[in-house]
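Order-wise, the sequence lines are chains A and B.
Read in order, the letters of the first sequence correspond to residues 1 to 188 in our numbering.
Read in order, the letters of the second sequence correspond to residues 189 to 316 in our numbering.
I should point out that these hints are in silico values taken from the structure, not numbers from a laboratory.
Possibly wrong hints are sitting among the right ones.
What the hints assert, rightly or not - Taking lysine to any residue and the SDA-like style, the derived pairs with C-alpha atoms no more than 25 Å apart in a straight line are:
#1 B/Lys255 <-> B/Glu234
#2 B/Lys284 <-> B/Lys190
#3 B/Lys275 <-> A/Glu9
#4 B/Lys190 <-> A/Ile26
#5 B/Lys190 <-> A/His112
#6 B/Lys275 <-> A/Phe84
#7 B/Lys284 <-> A/Arg135
#8 B/Lys275 <-> A/Ser35
#9 B/Lys190 <-> A/Gln175
#10 B/Lys275 <-> A/Met32
#11 B/Lys198 <-> B/Gly209
#12 B/Lys275 <-> A/Leu37
#13 B/Lys284 <-> B/Arg274
#14 B/Lys255 <-> A/Ile138
#15 B/Lys190 <-> A/Arg135
#16 B/Lys190 <-> B/Pro252
#17 B/Lys284 <-> B/Arg243
#18 B/Lys255 <-> B/Ala219
#19 B/Lys275 <-> A/Ile144
#20 B/Lys284 <-> A/Pro149
#21 B/Lys198 <-> B/Ile210
#22 B/Lys275 <-> A/Lys10
#23 B/Lys190 <-> B/Ile210
#24 B/Lys284 <-> A/Phe153
#25 B/Lys275 <-> B/Arg285
#26 B/Lys275 <-> A/Leu78
#27 B/Lys198 <-> A/Leu170
#28 A/Lys10 <-> A/Ala174
#29 B/Lys190 <-> A/Leu161
#30 B/Lys284 <-> B/Gly251
#31 B/Lys198 <-> A/Ala174
#32 B/Lys284 <-> B/Thr245
#33 B/Lys275 <-> A/Trp145
#34 B/Lys275 <-> A/Leu161
#35 B/Lys284 <-> A/Gly110
#36 B/Lys275 <-> A/Leu170
#37 B/Lys255 <-> B/Val238
#38 B/Lys284 <-> A/Phe154
#39 B/Lys198 <-> A/Gly110
#40 B/Lys255 <-> B/Pro282
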Amino acid sequence: MTCSAVDTEKLNRARRQVFLALFIAIAVSLHMLESLLPSPIPWLRLGLANTLALSALYLYDGRAAWTVSLARVGIGALLLGRLFSPGFWLALSGAIVATSVMIIVHRTCGRHLSAIGVSATGAAGHALGQLLTARLLIIQHEAIWQIAPPFLFFTVFSGVLTGWLATLLLERLAQHPAFQTTGGHPLN
Amino acid sequence: MKTPWQIMTKGDWLIVLMLLGIALVGIAWLAVAPTGTRVIVTSGGETCFVADLDRPTSIDLDGPLGKTHLVIDEQGAYVTGSPCPRKICIAMGPAKRAGDLLACVPNRIMVRIEGPAGEDAPYDLLSR
Numbered sequence: 001m002t003c004s005a006v007d008t009e010k011l012n013r014a015r016r017q018v019f020l021a022l023f024i025a026i027a028v029s030l031h032m033l034e035s036l037l038p039s040p041i042p043w044l045r046l047g048l049a050n051t052l053a054l055s056a057l058y059l060y061d062g063r064a065a066w067t068v069s070l071a072r073v074g075i076g077a078l079l080l081g082r083l084f085s086p087g088f089w090l091a092l093s094g095a096i097v098a099t100s101v102m103i104i105v106h107r108t109c110g111r112h113l114s115a116i117g118v119s120a121t122g123a124a125g126h127a128l129g130q131l132l133t134a135r136l137l138i139i140q141h142e143a144i145w146q147i148a149p150p151f152l153f154f155t156v157f158s159g160v161l162t163g164w165l166a167t168l169l170l171e172r173l174a175q176h177p178a179f180q181t182t183g184g185h186p187l188n
Numbered sequence: 189m190k191t192p193w194q195i196m197t198k199g200d201w202l203i204v205l206m207l208l209g210i211a212l213v214g215i216a217w218l219a220v221a222p223t224g225t226r227v228i229v230t231s232g233g234e235t236c237f238v239a240d241l242d243r244p245t246s247i248d249l250d251g252p253l254g255k256t257h258l259v260i261d262e263q264g265a266y267v268t269g270s271p272c273p274r275k276i277c278i279a280m281g282p283a284k285r286a287g288d289l290l291a292c293v294p295n296r297i298m299v300r301i302e303g304p305a306g307e308d309a310p311y312d313l314l315s316r
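Chain A with its partners taken away, still in its complex shape (with noise of 0.2 Å):
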């Protein structure tokens, strides 16, 4: 039987709404279970979630990085009781400024980096944009930065983690039959 150009393209895209579903149910997982963890701050989480995100981008594009995070955000703050709450504003703040770097970032030099450089910039973009939500909506005042450096220092790691897992899984799913049609190895 042979296909023609329209079924490869409903193919696609409903492979892609398969996969970015599959992606959120995993990202809100993480996500629920990084914050059912003790922690000492509770700021300072892996943020494995992203690595979901990540995967979206190299996978398909910025519009599946945004419907993974965002959608991630949402359904983790629903099914933990947090919407609108100053942990929800803070992970959303948070996701938003790493995202759009990410994105940005991938786009502008993504042939000089590994999905690691390009998660360890959304990893500091997480960390600044949760600190502006925290000074304008919680603290409210200047001394928030204090925080600012160890806060950073650890999200490094975290982006670092997170990138290389994202890695791992790309690899993966690149010896997936969903991917080879596509042609193309998703990392490049």
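Got chain A; can you put chain B on it based on the hints?
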């Protein structure tokens, strides 16, 4: 399975080291901040308690959830009891350097330490 350093490009290293460098400079900066002199407590944005850092004392601070217990002694200022669910303010430990901050977000209590420069101390810390 590739390790991170097998994947990382020169650009990656540049970015990671640059970010770590910025963070380390910031941490060093904070470590040399002078010990503060005044403890200022705000509740819901309004100053409700001011004390000297070198005079040991303790006080119950009223917030929407109940009383947050603040102790000031030679270790600095720290929270020993709080009605908030996650006890993050207690876990933050003592604050004593100028610009240090303890916050109990659920109970709307914020404790900050100011240096000899008074109100401007946090700005000094940023602009120095």
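Against the structure, the hints come out as follows:
1. B/Lys255 <-> B/Glu234: Since the Cα atoms of B/Lys255 and B/Glu234 sit roughly 16 Å apart, the hinted pair holds (cutoff 25 Å).
2. B/Lys284 <-> B/Lys190: violated, 45 Å
3. B/Lys275 <-> A/Glu9: violated, 53 Å
4. B/Lys190 <-> A/Ile26: holds, 22 Å
5. B/Lys190 <-> A/His112: Answer holds: B/Lys190 to A/His112 is near 19 Å, not above 25 Å.
6. B/Lys275 <-> A/Phe84: Roughly 21 Å between the alpha carbons, so the hint for B/Lys275 and A/Phe84 holds.
7. B/Lys284 <-> A/Arg135: Given pair B/Lys284, A/Arg135 holds - Cα atoms ~21 Å apart, limit 25 Å.
8. B/Lys275 <-> A/Ser35: holds, 16 Å
9. B/Lys190 <-> A/Gln175: holds, 16 Å
10. B/Lys275 <-> A/Met32: Within the cut-off at roughly 20 Å; holds.
11. B/Lys198 <-> B/Gly209: holds, 16 Å
12. B/Lys275 <-> A/Leu37: At roughly 15 Å apart (the allowed maximum being 25 Å), A/Leu37 and B/Lys275 satisfy the hint.
13. B/Lys284 <-> B/Arg274: holds, 23 Å
14. B/Lys255 <-> A/Ile138: Distance of about 19 Å is within 25 Å: holds.
15. B/Lys190 <-> A/Arg135: The hint is violated at about 39 Å.
16. B/Lys190 <-> B/Pro252: violated, 52 Å
17. B/Lys284 <-> B/Arg243: With Cα atoms ~12 Å apart, B/Lys284 and B/Arg243 stay inside 25 Å; holds.
18. B/Lys255 <-> B/Ala219: Status violated; Cα separation ~31 Å.
19. B/Lys275 <-> A/Ile144: Within the cut-off at roughly 19 Å; holds.
20. B/Lys284 <-> A/Pro149: holds, 18 Å
21. B/Lys198 <-> B/Ile210: holds, 18 Å
22. B/Lys275 <-> A/Lys10: Distance of about 52 Å is beyond 25 Å: violated.
23. B/Lys190 <-> B/Ile210: The given pair, whose Cα atoms are some 28 Å apart, is violated under the 25 Å limit.
24. B/Lys284 <-> A/Phe153: holds, 22 Å
25. B/Lys275 <-> B/Arg285: Distance ~22 Å between B/Lys275 and B/Arg285 Cα, so the pair holds.
26. B/Lys275 <-> A/Leu78: holds, 23 Å
27. B/Lys198 <-> A/Leu170: holds, 21 Å
28. A/Lys10 <-> A/Ala174: Holds, at roughly 20 Å.
29. B/Lys190 <-> A/Leu161: holds, 12 Å
30. B/Lys284 <-> B/Gly251: holds, 22 Å
31. B/Lys198 <-> A/Ala174: Within the cut-off at roughly 24 Å; holds.
32. B/Lys284 <-> B/Thr245: holds, 14 Å
33. B/Lys275 <-> A/Trp145: Holds: B/Lys275 and A/Trp145 sit about 21 Å apart, inside 25 Å.
34. B/Lys275 <-> A/Leu161: violated, 29 Å
35. B/Lys284 <-> A/Gly110: Since the Cα atoms of B/Lys284 and A/Gly110 sit roughly 44 Å apart, the hinted pair is violated (cutoff 25 Å).
36. B/Lys275 <-> A/Leu170: violated, 39 Å
37. B/Lys255 <-> B/Val238: holds, 17 Å
38. B/Lys284 <-> A/Phe154: Holds, at about 23 Å.
39. B/Lys198 <-> A/Gly110: Between B/Lys198 and A/Gly110 the Cα gap is close to 12 Å, so the pair holds against 25 Å.
40. B/Lys255 <-> B/Pro282: holds, 18 Å
When held up to the earlier numbered hints, the structure conflicts with 2, 3, 15, 16, 18, 22, 23, 34, 35 and 36 and fits the remainder.
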